[in-house]
Amino acid sequence: MTHARNLTFAHLWVAFIAFTIALVLGVWQMWARSPLPAPFLTASTYFSSVTAHGTATAYVLTTFMVMGFGYYVAETALARPLPAPRWAWIAFALGVAGTLMAVVTILTGRAAVLFTFYPPLIASVFYYLGLVLVVAASWIWCVLMLIAMGQWKRANPGRPVPLAMFATVANAVMWLWTTVGVAAELLFQVIPAALGLKAEMDVGLSRTLFSWTLYAIVYFWLIPSYIAFYTMVPQAAGGRLYSDTMGRLTFVLFLLYSLPVGLHHLLMDPQQSNAFKFLQVALTALVSVPTLLTVFTIGASLEIAGRLRGGRGLFGWIAALPWERPMVLATGLAFLMLGLGGFGGLINMSYGMNAMVHNTSWVTAHFHLIFGGTVVIMYFAIAYAIWPTLTGRAAPSLALQRLQLWLWFIGMLVMTLPWHTLGLLGQWRRVATFNYADPIIAAWGPWVIVSLIGGVILLASGLLFVYNLLEFNVAREPNAEAPGALYATAVHPPARVPATLNGFRLWNALVLVLMVLAYGYPLAQFFIIKSPEALVHRVDERR
Amino acid sequence: MSDEPDPRDRPWRLWASVAILSVFAFSVLFGFVLLPVIQGRGAGLDAWTSICRALGIAPGSPAAPQPTSDAKAQPTTRVAWSAGLMEALARPSAAGATLASGCAACHGRDGRSVDTKLYPDLAGQSAAAIYKQLYDFKQGSRANPVMSAMAQPLTEEQMVALSAHFASFPVRAIAPVDLAAPGEAIERLVARGDPARGIPACNACHGDQSGGPVEAPRLTHQGTQYLAAQLRAFKSAERHNDIYSRMRSVAAALSDGEIDGLAAFYSITLAY
Chain A
1 MTHARNLTFA HLWVAFIAFT IALVLGVWQM WARSPLPAPF LTASTYFSSV
51 TAHGTATAYV LTTFMVMGFG YYVAETALAR PLPAPRWAWI AFALGVAGTL
101 MAVVTILTGR AAVLFTFYPP LIASVFYYLG LVLVVAASWI WCVLMLIAMG
151 QWKRANPGRP VPLAMFATVA NAVMWLWTTV GVAAELLFQV IPAALGLKAE
201 MDVGLSRTLF SWTLYAIVYF WLIPSYIAFY TMVPQAAGGR LYSDTMGRLT
251 FVLFLLYSLP VGLHHLLMDP QQSNAFKFLQ VALTALVSVP TLLTVFTIGA
301 SLEIAGRLRG GRGLFGWIAA LPWERPMVLA TGLAFLMLGL GGFGGLINMS
351 YGMNAMVHNT SWVTAHFHLI FGGTVVIMYF AIAYAIWPTL TGRAAPSLAL
401 QRLQLWLWFI GMLVMTLPWH TLGLLGQWRR VATFNYADPI IAAWGPWVIV
451 SLIGGVILLA SGLLFVYNLL EFNVAREPNA EAPGALYATA VHPPARVPAT
501 LNGFRLWNAL VLVLMVLAYG YPLAQFFIIK SPEALVHRVD ERR
Chain B
1001 MSDEPDPRDR PWRLWASVAI LSVFAFSVLF GFVLLPVIQG RGAGLDAWTS
1051 ICRALGIAPG SPAAPQPTSD AKAQPTTRVA WSAGLMEALA RPSAAGATLA
1101 SGCAACHGRD GRSVDTKLYP DLAGQSAAAI YKQLYDFKQG SRANPVMSAM
1151 AQPLTEEQMV ALSAHFASFP VRAIAPVDLA APGEAIERLV ARGDPARGIP
1201 ACNACHGDQS GGPVEAPRLT HQGTQYLAAQ LRAFKSAERH NDIYSRMRSV
1251 AAALSDGEID GLAAFYSITL AY
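Residue numbers (our numbering), protein chains in the order written: chain A, 1 to 543; chain B, 1001 to 1272.
A couple of the hints might just be wrong.
Between beta-carbon pairs, the in silico distance windows are [said to hold, decoys possible]:
| id | chain 1 | residue 1 | chain 2 | residue 2 | range |
| --- | --- | --- | --- | --- | --- |
| 1 | A | T108 | B | R1188 | 44 to 54 Å |
| 2 | A | W323 | B | R1041 | 49 to 59 Å |
| 3 | B | G1198 | A | P532 | 26 to 36 Å |
| 4 | B | T1068 | A | A355 | 22 to 32 Å |
| 5 | B | W1012 | A | E541 | 18 to 28 Å |
| 6 | B | G1140 | A | P446 | 45 to 55 Å |
| 7 | A | H358 | B | E1187 | 28 to 38 Å |
| 8 | A | H358 | B | G1198 | 15 to 25 Å |
| 9 | B | G1140 | A | H358 | 31 to 41 Å |
To be clear, the hints were calculated from the coordinates, so they are not data collected in a lab.
Quick caveat: nothing in here was measured; it's all calculated off a predicted structure.
Using N, Cα and C, we set each Cβ at its ideal position, and we do this for glycine too.
Using the sequences and the accompanying hints, generate a full structural model.
Next comes the structure, spelled out in structure tokens:
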């Protein structure tokens, strides 16, 4: 370690700065929707804030985190320098430039379209171009990851690619597939409209293209957490990974079943037919396979660790686990949130129940619990795990790290559980304010305030997280661990794995087949049947 | 990344493909064939129609039986907005000026009504709003003894030209002595509506900064009596050319006092 040290630092700090700003905005948004009078509140400040919050968390935090962590894994798991670090820095510069471009556009009130765009609403073209730059940066990252794995394979013929790197490349391959949908939407529909070249657009087509991206992008955010589950958690718990093959299968299945399933976001949309909705929902259900494989494998790995530490009996091993270690604690909390969020997700993907919750706060609460909860708490744990190897210093205070993780968990539940309830009560989403003079809406008030308190706890936790990282700068005790020691060995370390589980050729072919079958006609219909187009509605030109 | 083919890997490739394609085939069998056919039977549909509907190549949802009725549905309005139309409406032309002489007797030469109690001001009105009403008068979606007859002979181009022409004039000045503060209750209706009665804010569509329907007219600078008469016509559904009954449902929820208050509010408000 490491040429990638500064690269990882730079990416993660951009991610965490965007994240901290997003937290402040998020709390203000909860406040705006509550019965308590919030400052600066108008509909346009609210929607600009939501756009900034979504852009910062969904595009900036995640993309920079995935890239920074990817560079780290490529160097530490493969134990060789990163290929073409100059290109990695060019990508970083592109990403930062794109982020600034999008942020300035949002701050000037010219991009209040939310991060999911909602055409025919059209923002200033600079907002979209900023995001295109961020995506272009991530594409460079994808290519670098593929090259890094290719070079390692040539240098180590016949040997299995280390699981952490295999998973990182799985994510890169998936991301290249994922971004095709949104890139097509932006390049052929949204950006021409933003430039004034088109005055009408086919909203059905743009929503279908965005759905292509919308589910897989969540797995792009999630996979760093799964990499930590498979490679870092068993080691941190003092055990071994139960099965390396299960890990490979899991990442391959995520690649396969996060893509041809996006229509489940469009269950209430009229432009797609029931049969294709059914097909994609059925494929969505298969995401439960890698999820349950992971619960089983990580459960078994932790059990090995607990028993090695002297745990006895049916559940004694759980108590024997080293819960004082942040990575282990974060995993426990992440699994609890994944369980709750997963059940909520089953409701969303069921047609009839989706009809009831579709446009309510339930959905917002769901993705905050899964993404803000399970995914982000593992981002914290990853940062805590790799910071000693990056700074060369041991963590000054594990107690503060644990406090931060607990605060995040408690804050997330206090915020999202009432939020789910509000959705069931009928509170609609994408709305700036509520008229609490209405007796029905007045009854929501107390729940919204509880949610707001959860948001404040999350903000406190986020600030403590930044403080904990800054503490490394004043720490004195050197870090004794080598970076490679972060990754767990499997119970049966693979001497050889089938080529199928050591590369992505077969899986790319199968993704292609599934995508053509699942998305071919749903997209082709827009060109076969002439559909009505909507007038473009600019949000950057209002008086 | 050239993986050398290894005979030991063949079963992997084969079974992975078989497993994934079987799942796909299973989903297709259920989603494209079994469910539509079984559900369609309940709705009295034959198998072929059910499958076509499920695929989206024939209209209709497979499960719901359609009620039978001899009634012929009538659209509330036949106006269809398009980018080309919006562009044409933004360009005043000489043709519009010539045609406008026929309107001057009531609406004034420069779009300022000769009697604001009876006729709306067209000066400064949005071209889309004027066009929509002309179109509706011509098609019969809206009826008025004078206007229906006036709109009848107009071609589409003429209606566009007239709308663009009148929209290009500046609005009428309001005498400062007429300006007065509206009641708080009326202002609340305009800005926030009354959710308890299902009334949205007037501003949501008619405000300057709203993102409402393109055809929503500007309400300021109109006569009090004219505005009140239109709200009452919507309330009684005598006027019914509003898509989704938007204005009919709002007006039906308003009291007589509120109708007069709102009409007065808009007639003495410079901009909103």
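Going back to the hint list, which numbers does this structure go against? 1, 5
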